[in-house]
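**Q** Sequence order for the protein chains is A and B.
Residue numbers for the first sequence follow the working numbering, so the first one is 216 and each next one is one higher.
Residue numbers for the second sequence follow the working numbering, so the first one is 216 and each next one is one higher.
If you're looking for bench data, these hints aren't it; they were derived computationally from the structure.
Do not rely on the hints blindly, as some may be mistaken.
Each computed SDA-like pair below joins lysine to any residue, with the alpha-carbon atoms no more than 20 Å apart [said to hold, decoys possible]:
1) B:Lys382 to A:Ile287
2) A:Lys463 to B:Asp310
3) A:Lys463 to A:Arg397
4) A:Lys382 to B:Asn469
5) A:Lys506 to B:Asn311
6) A:Lys219 to A:Thr405
7) A:Lys442 to B:Asp310
8) B:Lys219 to B:Lys406
9) B:Lys463 to A:Asn320
10) B:Lys292 to B:Asp310
2 protein chains.
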Amino acid sequence: MINKENIAEYFKQLQDSICAQLEKGDGQGIFQEDQWTREGGGGGRSRVIMGEHIAKGGVNFSAVHGPMPEKISNALKIEAGSFFATGVSIVLHPDNPWVPIIHMNVRYFEMDNGLWWFGGGIDLTPHFIVKEEARFFHQQLKSVCDRHHPDFYPRFKKWADDYFFLKHRDETRGVGGIFFDRLNEKEGLTKEALFDFVKEVGEAFAPVYLALLEKNKDRAYTDSEKKWQLLRRGRYVEFNLVWDKGTKFGLDTNGRTESILMSMPPHADWVYNYQPAPDSKEAETLSLLKKNINWCS
Amino acid sequence: MINKENIAEYFKQLQDSICAQLEKGDGQGIFQEDQWTREGGGGGRSRVIMGEHIAKGGVNFSAVHGPMPEKISNALKIEAGSFFATGVSIVLHPDNPWVPIIHMNVRYFEMDNGLWWFGGGIDLTPHFIVKEEARFFHQQLKSVCDRHHPDFYPRFKKWADDYFFLKHRDETRGVGGIFFDRLNEKEGLTKEALFDFVKEVGEAFAPVYLALLEKNKDRAYTDSEKKWQLLRRGRYVEFNLVWDKGTKFGLDTNGRTESILMSMPPHADWVYNYQPAPDSKEAETLSLLKKNINWCS
Numbered sequence: 216m217i218n219k220e221n222i223a224e225y226f227k228q229l230q231d232s233i234c235a236q237l238e239k240g241d242g243q244g245i246f247q248e249d250q251w252t253r254e255g256g257g258g259g260r261s262r263v264i265m266g267e268h269i270a271k272g273g274v275n276f277s278a279v280h281g282p283m284p285e286k287i288s289n290a291l292k293i294e295a296g297s298f299f300a301t302g303v304s305i306v307l308h309p310d311n312p313w314v315p316i317i318h319m320n321v322r323y324f325e326m327d328n329g330l331w332w333f334g335g336g337i338d339l340t341p342h343f344i345v346k347e348e349a350r351f352f353h354q355q356l357k358s359v360c361d362r363h364h365p366d367f368y369p370r371f372k373k374w375a376d377d378y379f380f381l382k383h384r385d386e387t388r389g390v391g392g393i394f395f396d397r398l399n400e401k402e403g404l405t406k407e408a409l410f411d412f413v414k415e416v417g418e419a420f421a422p423v424y425l426a427l428l429e430k431n432k433d434r435a436y437t438d439s440e441k442k443w444q445l446l447r448r449g450r451y452v453e454f455n456l457v458w459d460k461g462t463k464f465g466l467d468t469n470g471r472t473e474s475i476l477m478s479m480p481p482h483a484d485w486v487y488n489y490q491p492a493p494d495s496k497e498a499e500t501l502s503l504l505k506k507n508i509n510w511c512s
Numbered sequence: 216m217i218n219k220e221n222i223a224e225y226f227k228q229l230q231d232s233i234c235a236q237l238e239k240g241d242g243q244g245i246f247q248e249d250q251w252t253r254e255g256g257g258g259g260r261s262r263v264i265m266g267e268h269i270a271k272g273g274v275n276f277s278a279v280h281g282p283m284p285e286k287i288s289n290a291l292k293i294e295a296g297s298f299f300a301t302g303v304s305i306v307l308h309p310d311n312p313w314v315p316i317i318h319m320n321v322r323y324f325e326m327d328n329g330l331w332w333f334g335g336g337i338d339l340t341p342h343f344i345v346k347e348e349a350r351f352f353h354q355q356l357k358s359v360c361d362r363h364h365p366d367f368y369p370r371f372k373k374w375a376d377d378y379f380f381l382k383h384r385d386e387t388r389g390v391g392g393i394f395f396d397r398l399n400e401k402e403g404l405t406k407e408a409l410f411d412f413v414k415e416v417g418e419a420f421a422p423v424y425l426a427l428l429e430k431n432k433d434r435a436y437t438d439s440e441k442k443w444q445l446l447r448r449g450r451y452v453e454f455n456l457v458w459d460k461g462t463k464f465g466l467d468t469n470g471r472t473e474s475i476l477m478s479m480p481p482h483a484d485w486v487y488n489y490q491p492a493p494d495s496k497e498a499e500t501l502s503l504l505k506k507n508i509n510w511c512s
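Here chain A stands alone, though its shape is the one from the complex (with noise of 0.2 Å):
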């Protein structure tokens, strides 16, 4: 029987082994790790590198529990009590304007009432948009959904295009990819089927991003094309600031400021009403920041 210590626990174990995957991906960084305690109860350990291709990334992992903040539950739409909360939380920013940033939450969410639910996702933000590799990423994440249920890549792919979208800019964050919260016996699963899939998203992500990091951590760029990647790492910056629920909460109720900015680029540019030329790579990648884009067809 699963119980909150154990999920817990394989949180703990997926981020080490996340880690360990990263590391060799790479072949230079180390993660340097912070471990933290929260005043009201539990805690974490923040990890991040900074490596030859990952030139920031964070991957963290927390364990909190108390009694709950009244701004929190009024938030959440539930009622008062303690809650229990754990997850893994990750953004990785690449040298190579080539490889895309990648971002992959896996949660789980209890109160002393018997309340629970499982959240996640993991999306995708090329700075320049690839098909083929837009294809292979949904192609990755469908195949993890579709072992555990036939609606889950549908819903779970709009919920991540309908999330993850700068209002206003009217452009998608980058390709997206699934996203989903408040996963509970009502999906017609069992508690122990949830937690099998949200395993498996956490487990897919290394295998998936390290494919696309291979690939592209040297390929060559030009200065124009590093200076987009900037621009991009900015809109980034605006997503996270700005819409980004997660972010905002956790910075208006006293998160762990260092660990939720762990999503910031190292370096990031803005350019007063910068306009790609027509017809240009930069060009395609915004018209392609759209929602509903079908990549598995």
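Based on the hints, put chain B in the right spot on chain A.
**A** Frame of chain A; chain B shown alone:
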């Protein structure tokens, strides 16, 4: 008798005057203008400079009107109706880390039911706080305020301390300045007298900033001082995207994104959990990013 047309006309001239003074102070950069119109009514002139000493600066004028979107009347807690809003808004990011970032805004708002107010302020964000310069800056603002009302400086100085605050960092954005909003006849001053005050705030901006620019623009700096500047610019991004009400509101209500985000720095850096060396000038700056420092004693 002043009315919305001549307030807008004055702000337009203020934009011209400030741009001319900043071009002269920079010595090389020339403002590029974009004129834009707003679907619901009105428009603006966005001007951006990428100069020798002012790395990236924006000086925006706008005068917009029309039926008030419900989202905005709710947020402002006022009755629905037709509105008119005009103002000048400025953010300058200097090249030299010893020159501070500065922000200025003056604005006027009215509803067709007769409600009206002025708002605005100036605040300074040094990368390295030089006490003598912070005192000079506050003394200039105090002189402007004191000519109009003995309470203005202490009230508006505290308002700036409270407003320009990064809760998630427990830091003020910089050394503050003055901030005020919804000033109307309840201040015990006529509309003319309040407009005179706002005019003087607007006109104080360029000479005060140019004094600081002139003093420091050619000061030698090290690579490590430049790096610190980029980290402080990261904090500026965090404030504007996470906490600044005007920015969030504009992005959420279909404002002109490029004009709103002209406040973004040209480049910014994030380093995980960066801690300056004890007793360094960086550490001293952090120790002064606090509310309620009296710079005019």
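**Q** It remains to establish, for every hint, whether it holds in the given structure.
**A** Results of checking the hints against the structure:
Of the pairs offered as hints, the one joining B:Lys382 and A:Ile287 holds, with about 17 Å between alpha carbons and a cut-off of 20 Å not exceeded. Our distance criterion of 20 Å between C-alpha atoms is broken by A:Lys463 and B:Asp310, whose separation comes to about 30 Å. For the suggested pair A:Lys463 and A:Arg397, the alpha carbons sit about 19 Å apart, so the restraint of at most 20 Å is met. Simply put, A:Lys382 and B:Asn469 have alpha-carbon atoms about 9 Å apart, close enough for the 20 Å limit, and the pair holds.
In summary, the hint linking A:Lys506 to B:Asn311 is not supported, as the alpha carbons are separated by about 41 Å, beyond the 20 Å threshold. Between A:Lys219 and A:Thr405 the alpha-carbon distance is near 15 Å, which keeps this suggested pair within the 20 Å criterion. Between A:Lys442 and B:Asp310 the CA atoms are separated by roughly 18 Å; this keeps the pair inside 20 Å, and the hint holds. Annotation: proposed proximity of B:Lys219 to B:Lys406 holds, straight-line Cα distance about 11 Å (limit 20 Å).
A distance of roughly 26 Å separates the Cα atoms of B:Lys463 and A:Asn320; the hinted pair therefore is violated under the 20 Å criterion. Only pairs whose Cα atoms come within 20 Å are accepted, and B:Lys292 paired with B:Asp310 is rejected, the gap being roughly 40 Å.
Hint violations for this structure: numbers 2, 5, 9, 10, all remaining hints satisfied.
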